[in-house]
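Participant: Next come the chains, spelled out residue by residue.
There are 2 protein chains.
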Amino acid sequence: MSTKVRVMCFGLSLDGFGAGPDQSLENPLGVGGLEMMAWVFPTHVWREQHGEDGGETGTDNRMAERSFEGIGAWILGRNMFGPVRGPWPDESWKGWWGDEPPYHVPTFVLTHHARKPLEMKGGTVFHFVTDGIEAALQKAREAAGGKDVRVGGGVATIQQYLRARLIDEMHVAIAPTLLGSGESLFAGLDLPSLGYKLTDHVATANATHLVFGTA
Amino acid sequence: MSTKVRVMCFGLSLDGFGAGPDQSLENPLGVGGLEMMAWVFPTHVWREQHGEDGGETGTDNRMAERSFEGIGAWILGRNMFGPVRGPWPDESWKGWWGDEPPYHVPTFVLTHHARKPLEMKGGTVFHFVTDGIEAALQKAREAAGGKDVRVGGGVATIQQYLRARLIDEMHVAIAPTLLGSGESLFAGLDLPSLGYKLTDHVATANATHLVFGTA
Chain A
17 MSTKVRVMCF GLSLDGFGAG PDQSLENPLG VGGLEMMAWV FPTHVWREQH GEDGGETGTD
77 NRMAERSFEG IGAWILGRNM FGPVRGPWPD ESWKGWWGDE PPYHVPTFVL THHARKPLEM
137 KGGTVFHFVT DGIEAALQKA REAAGGKDVR VGGGVATIQQ YLRARLIDEM HVAIAPTLLG
197 SGESLFAGLD LPSLGYKLTD HVATANATHL VFGTA
Chain B
17 MSTKVRVMCF GLSLDGFGAG PDQSLENPLG VGGLEMMAWV FPTHVWREQH GEDGGETGTD
77 NRMAERSFEG IGAWILGRNM FGPVRGPWPD ESWKGWWGDE PPYHVPTFVL THHARKPLEM
137 KGGTVFHFVT DGIEAALQKA REAAGGKDVR VGGGVATIQQ YLRARLIDEM HVAIAPTLLG
197 SGESLFAGLD LPSLGYKLTD HVATANATHL VFGTA
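The listed protein sequences derive, respectively, from chains A and B. According to my numbering, the first sequence is numbered sequentially starting from 17. According to my numbering, the second sequence is numbered sequentially starting from 17.
These are calculated hints, taken from the structure and not from any lab test. Keep in mind the model is a prediction, meaning the values are calculated, not measured. Incorrect hints may appear among the rest.
Coverage of chain B stretches by chain A, computed from C-beta distances (three or more under 8 Å per stretch; other residues unrestricted) [as the list claims (entries may be wrong)]:
hint, region
1, 26-40
2, 197-208
3, 212-220
Note that beta-carbon positions come from the ideal geometry of N, C-alpha and C, so glycine has one too.
Same shape as in the complex, but just chain A (with noise of 0.2 Å):
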């Protein structure tokens, strides 16, 4: 009954960014960024999940299905929360996502500003966390209730707890694009040495899924 740590479809360009550069309100994922998730939005459940019939049913499908199952709590970053820097102005911003975020259990949201906890629509709870990422990560294991953790990203926070070897599991998708700048996943990180191997990995028209492991 050990909760896990995952990282689940976390997007990468072919050049290795999991972001575009500029990100702003228009562009959460960055400029360039939404089509590193492309080869979600053809899926059965993604479909399914916004009131669409039909949809791919294989391996993608699989893998966008896994990253939802057993997850009882989620950490983003600040930036994945949202566009805003520095302290809070005011409690407006509530999340890219509208009125029902599409996480439904409790998020923590690193940030080093403090603000109250914003209670969602369909079970999602966010809780900003300011005491550093392995207070998160005690909260959020708390919180899951015996289920899996999930670290949504971006990349400097899946890099912070990989550094500190607090993630079990990261499934990455490399989609078929170029994004040039940005965010390099990798870059400066030397997964061997900090005890990660491929485990799994997966190709197919839309993206290459690899799945890394502790040794």
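Given the coordinates of chain A, work out where chain B should sit on it, guided by the hints.
Facilitator: Just chain B now, with coordinates in the frame of chain A:
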């Protein structure tokens, strides 16, 4: 009848390294670097070149085969030619490949240190070029007799030619292996800004083949 400049079958790790750390006589591609070429060894074309029967005749083989077709001259970085750094102590180093290197055409080695041409068995002649990448390319084009020029590597050499927008086509093969450190091909290289885009991609069990071209 224009001569193209091509990078072919350049091996990369999942984390984007084109060579492992600590190149030496024992590890021409750096520690762990040979794993990046593991997809080539089972191919029919490789086995045939090494006097063996059989071998894989699918996508990997086709990509390996293409890489030798229509090449009239090669360009290599100094470190791809050997582990010797600085001025040549003597003329005893003749490349990694023994008496009969696999080039069979004029091969231009970029170096800061002059050395007279070196004629090997099977048609390979190493020419040492001390006046930069453009001079080397001009000489290679002339020597290629209307055929294409292949830039062999390593990473620093390919990056220089890409930054100068002198590569027409680049095929990289990503192996399912992690190196952790080494020379990163994409680091600091903005391919879209340089006018390159992905023109083809296909994955096999042993490699993901990516082809980049000018947009």
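Participant: Look at each hint and say if it fits the structure.
Facilitator: Cross-check of the supplied hints:
{"no.": "1", "hint": "26-40", "in the structure": "holds (count 3)"}
{"no.": "2", "hint": "197-208", "in the structure": "holds (count 8)"}
{"no.": "3", "hint": "212-220", "in the structure": "holds (count 5)"}
When held up to the earlier numbered hints, the structure conflicts with none and fits them all.
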